[in-house]
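Visitor: So the protein lines, in turn, are chains A and B. Terminal number for the first sequence in this note's numbering: 234, no gaps in between. Terminal number for the second sequence in this note's numbering: 800, no gaps in between.
Honestly, I wouldn't trust all of these hints.
Claimed, not checked - Derived pair list, reagent style DSS-like, types lysine-lysine, alpha-carbon separation capped at 30 Å:
1. K319/B to K80/A
2. K418/B to K163/A
3. K80/A to K322/B
The hints are simulated quantities; they were obtained by calculation from the structure and are not laboratory data. The model shown is predicted, which means the values in this text are computed figures rather than measured ones.
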Amino acid sequence: MKNIVIQTTQLEKKYLTDTIETTALTGVDLQIAQSDFVAIMGPSGCGKSTLLNMLGLLDAPTAGNLYFLGENVTKAPERKRANLRRQNLGFIFQSFNLIDELTVQENIELPLFYQGVPKSEIKARVQEVMQRVGIAHRHAYFPQQLSGGQQQRVAIARAVVGKPRLILADEPTGNLDSQHGREVMLLLSELNAAGATIVMVTHSPADAEYAHRVINLFDGQVVTERMAPAVAAI
Amino acid sequence: MLKTYFLTAIRMLLRNRSYSFLNIMGLALGITCSLLLFLVVRFELSFDNFHEKGDRTYRLAIRHEADGNSGVMASIPGPITDILRQNNPGLEIITQVFGEQDGQITVPATANKPARHYREPGALGFVESDFFRMFSFGKGNLPFIERLQEPHTLILTQQLATKYFPDKEPVGQVLRLNNQLDLEVIGVIPDVPDNTDFPFKLFVSYASANELSPYEISEWGTVLSNQNLYVTLPAGADYKEIEASINRIVLPHIPKKHQDLKSFFLQPLHDVHHNEELFNYSMRVVPMEVIWAMALIGIILLLTACINFINLATGQAIKRSKEVGMRKVLGCSYRQIILQFLGETFLITFAATLLSVILTEISLPYLNQLLELKLTFSFVRDPLLLVFLGPLLVLVTLIAGLYPAYMLAGLQPIAALKNRLNTQQVAGLSLRRVLVVLQFTICQVLIICTLVVGEQMAYFRNKPLGFNKESVVLLRLPAGNATKLVSYKANLLKEPAIQKVSFTMAPPTSIIIAENGFKFNGSSEPMPFRSHTKFANEAYFNLFDIPFVAGRAFTASDTIKEFVINETMRRKLAIPTAQEALGYKLNMAGKDGIIVGVVQDFHQSSLHHELPPAIITSQLSAYYYMAAKIDMNQKEAAIRHLENIWNKAYSDDVFNYEFYDETFELFYREEVRQQTLFKIFAFIAIVIGCLGLYGLISFMVAQRTKEVGVRKVLGASALDITILFSKEFVKLVLVAFLFACPIAYYLMQKWLEDFTYRIDIPYVAFLIAGIVTLSVALITMSSKAIQAALADPVQSLKTE
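Please work from the sequences and hints to get the whole structure.
Guide: Structure, rendered in structure tokens:
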């Protein structure tokens, strides 16, 4: 039995405006185990990103429970969430979200600073991860000087440098052409093979092929969950 | 970590150059103004605060009251000093000071150098040796001060010692004062500092004063504003008790004819620079209200700059939101974000402070010139400046930076990352509106005040004064020696450029005011009120165009013979008509004469004061000035001729002249200064306000990019979009106007109360302030609004 990294029970998220109540998620039960590679799919507006934000402790559910490493964090205060994010989570976004004022190296160093890793160690770890994602030769560049694929490599490097228990990727290839998209997915696969747990939101069935499990959402509910062909064949 | 914050901040500032420039410039302007005003306020508050015994030193002043009119004065008739010395009520030091307005020093000729003459206006003080025991001029023990008790002795300041005797030991040398008195230099002291109301450079023994003054300064009847008495109380003494003792001792000695002197009070030394009712030797009184007003303006300008910063910083929030969102996703805490942005604000404030130090350095000489001050700015000589700037830096960082920092730290990470900020999340668009309204209120109040002060000044300049001050040259005559020039009168008038000549104690409006008691209509008792007396020769009325209501000018005489009175005096004497006043007997200074003329009232001091009752009469020995009416088209010829005649009459005296209408401006020096300050700071407030407005409009344009795109897709023109944004600002300026009007009205009403002759507040000033701020706001705003209006709608819609 693998360790459970994150678990949800009857997770629900409603948005309330002055007159309208919108249900983004309802009754979501989910378990993500260590070394899992899970793809979340579904049409636009089905609640994929909302679920990912909840799993990433960036948003709080309106009902149900969320357990992170066995601990109920449903109502954890922002300070605690920030701490959990810092120590355990890595994020990859469709639009990369690199800080424009920092170089490649400085962007990747950032999570380590927040974790309080000693300076001497930071340098070595950043060097290593830059090598791994093949961006070391661009370490002094600013994000705007890189191609989309290179920027996403930097974002991935930033997501993994802190050795997180869980990597959350929100349409990581959404802004890339197919060639760069494939490279990024191979990189994520490699990371997963090396032990990283990944939850990825995607529209792309091709990208989903890289995952072990595919969860389909529709109108905020899990409609199907299947093992990916690659995994099922094993 | 600090390094990344620092790098992010620096790179952010460099990338958004216009934003950084606006921010740093706005803050630098605010800090510069507050720094300059701090220097002015500190200087004005530092007057005579360096005397060791200063906190227990007082000036004796008198309350006088006669015929329902009351007032205070610091002029002490000589006998009071003697009475206090004989019956000392426990005073540690008693010393009298006599400051002379003008004096000429002659350095006698030597074997290889001719005699040299120097005019030393305002630099002459007649003092006793105790003066140096009371006041800390000169350091340590000054053994020579004892000799100051002897007549004909003199102490020089270093500056004058070097000027008079550049190549020899000054002590033991003799200087000649006003071609009358030989004075021996008995010592040299360091120059007195700029922040003293005893701006003397020549300290002459008090015992010599009587020989020089045309008045008997040791008599009851002589009340001269420049004759003061200072006392130092023993440590720990209760000044109220001493004051009561002084009254008990002195009042019974006051002669019957000086019964208008009602009581005595002790004026603290630190009050001498601030009390408008009493005179001081530096001729510059700065009331505490003016000082507080300056401090307040400094604080307001600083706040305006902070408001400006808040507007600009929050306007930038959208640009920074992605960064903040990402930092939060990476686990950055709320506190860390606040510290990061406060750090950035500190960096900007620090840069602004450095810039303001440079700006202060550059602008100080101009300010000194405008305000006629001698302010200095040097961190080395004045480490206290760091004590001012250090806390200011922290305070400005907190005031300007806290709100934007809290706002950014409070962003929801997901919304921030996706640029989905709405007005609630970038909390307080309404707060920023309030801030802009506040800025514009300040601008408009300052503009209105500037205009009203300017109007009042124009009113002063243009108000009929009851005489003509144009084309009049004044020559200050050597003390007590008008006779020589009078004998040259005929020669003077030979030059066609010189039209009229008169000799007088003072021109019609002057700082020299003589008040005399007098007897009326043969009475043996003096009248219960004093007269403002003008001693002048018969040509005075004609030269200054003072019109007669009845009678004529007095006939030529070297002594008091006939009198001319003004209309106020006639009314005070209860004479029904001017015609009836003619022939009445008056007695002044023991001399009888009759009233031969009544003139229209004319102003004798600044328009702060009411017209006093006046008597004009002849007295050759009291003429201080020669006034010459000249043809301004032949100005040079007139001045040349005057100088030639002067040099014949007074070969040992320096020729010195001034145009009366120019010296006239001195009366309103303080008001002109205030107007200058208002002008400068109103302008700066407007500049800072515009920077803030630019910040707000940038924010609004950024926030409404999508709306603008949609509107354009639906067919809105660039003009429609510009109007869309303009409406908002017109509203803000109008709201500010509603606040500014009553505030400015109240302030100006209060300010004008100080003038007996004043304007009604001109309503057009309010209108101008409104229009100016509205125009400036629209111009500032339109560039940004047009930019938004002309932007490609496809691009703006893509950002979503």
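Visitor: Mind listing which of the numbered hints don't hold for this structure, in increasing order?
Guide: none
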